[in-house]
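S.K.: Residue numbers (my numbering): 5 to 77.
In short, the hints are calculated from the structure, not lab data. In this text, all values refer to a predicted model and were calculated from it rather than measured experimentally. It is possible that some hints are incorrect.
[Unchecked claim] Label-pair restraints from in silico Cβ distances: (1) E26 - E50: 36 to 44 angstroms; (2) F51 - G19: 48 to 56 angstroms; (3) V41 - E15: 18 to 26 angstroms; (4) V41 - S21: 15 to 23 angstroms; (5) E39 - V17: 16 to 24 angstroms; (6) E60 - Q8: 54 to 62 angstroms; (7) G19 - A54: 55 to 63 angstroms; (8) D9 - F51: 34 to 42 angstroms; (9) E50 - Q8: 27 to 35 angstroms; (10) V40 - Y13: 17 to 25 angstroms.
[What the hints assert, rightly or not] Here are the computed lysine to any residue pairs in the SDA-like style, where the Cα-Cα straight-line distance is at most 25 angstroms: (11) K7 - I27; (12) K7 - V40; (13) K7 - R20; (14) K7 - A30; (15) K7 - A22; (16) K7 - N18; (17) K7 - Q37; (18) K7 - A28; (19) K7 - L31; (20) K7 - E25.
Note that CB positions come from ideal geometry on N, CA and C, so glycine has one too.
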Amino acid sequence: MSKQDWLDYFEAVNGRSASAEEIAQALAAGEFQEEVVVPEASQAPEFVAAPTAPVEEPVAAPEAPEFVAAPQE
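The task is simple: from the sequences and hints, build the whole structure.
M.R.: If you want it as structure tokens, here you go:
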């Protein structure tokens, strides 16, 4: 039961509003759950991975062309 539902029920049964002490006792007894409202802006952002440096693949140096000795005459 929400706190507001409990307050409405208390008023209907007792014909008056609940005191702060009665509300605290009802909460401690588990008669209702305290609703926690988190403003949209204060919610923790979704996890975003830190940017990483691009992985550089080792580049092999181009092979030197093979020179074939010219036939000797």
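S.K.: Does the Cβ pair E39, V17 satisfy 16 to 24 angstroms?
M.R.: Given range 16 to 24 angstroms: holds, Cβ gap about 21 angstroms.
S.K.: Verify the proposed pairing of K7 with V40, using a straight-line Cα cut of 25 angstroms.
M.R.: Given that 25 angstroms is the threshold and the Cα spacing comes to 11 angstroms, the pair holds.
S.K.: Starting from the hint 18 to 26 angstroms, judge whether the C-beta atoms of V41 and E15 obey it.
M.R.: For V41 and E15 the Cβ distance comes to about 22 angstroms; the hint holds.
S.K.: With respect to the beta-carbon atoms only, verify the hint that V40 and Y13 lie 17 to 25 angstroms apart.
M.R.: holds, 21 angstroms
S.K.: Next pair to validate is K7 with R20; report whether the Cα-Cα distance is within 25 angstroms.
M.R.: holds, 16 angstroms
S.K.: Given the hint that K7 pairs with A28, test it: the Cα-Cα distance must not exceed 25 angstroms.
M.R.: holds, 11 angstroms
S.K.: Sort out whether L31 lies within 25 angstroms of K7, counting only the CA atoms.
M.R.: holds, 8 angstroms
S.K.: Could you see if the CB distance from D9 to F51 stays within 34 to 42 angstroms?
M.R.: Given about 35 angstroms between the Cβ atoms, the range holds.
S.K.: Given a hinted range of 36 to 44 angstroms, is it respected by the beta-carbon distance of E26 and E50?
M.R.: holds, 41 angstroms
S.K.: Between the alpha carbons of K7 and A30, is the straight-line distance 25 angstroms or under?
M.R.: holds, 9 angstroms
S.K.: Given the hinted pair K7 and A22, is their alpha-carbon gap at most 25 angstroms?
M.R.: Satisfied, since the Cα-Cα distance of roughly 11 angstroms is no more than 25 angstroms.
S.K.: Please verify whether K7 and N18 have alpha carbons no more than 25 angstroms apart.
M.R.: holds, 16 angstroms
Violated hints: none; the structure is consistent with every hint.
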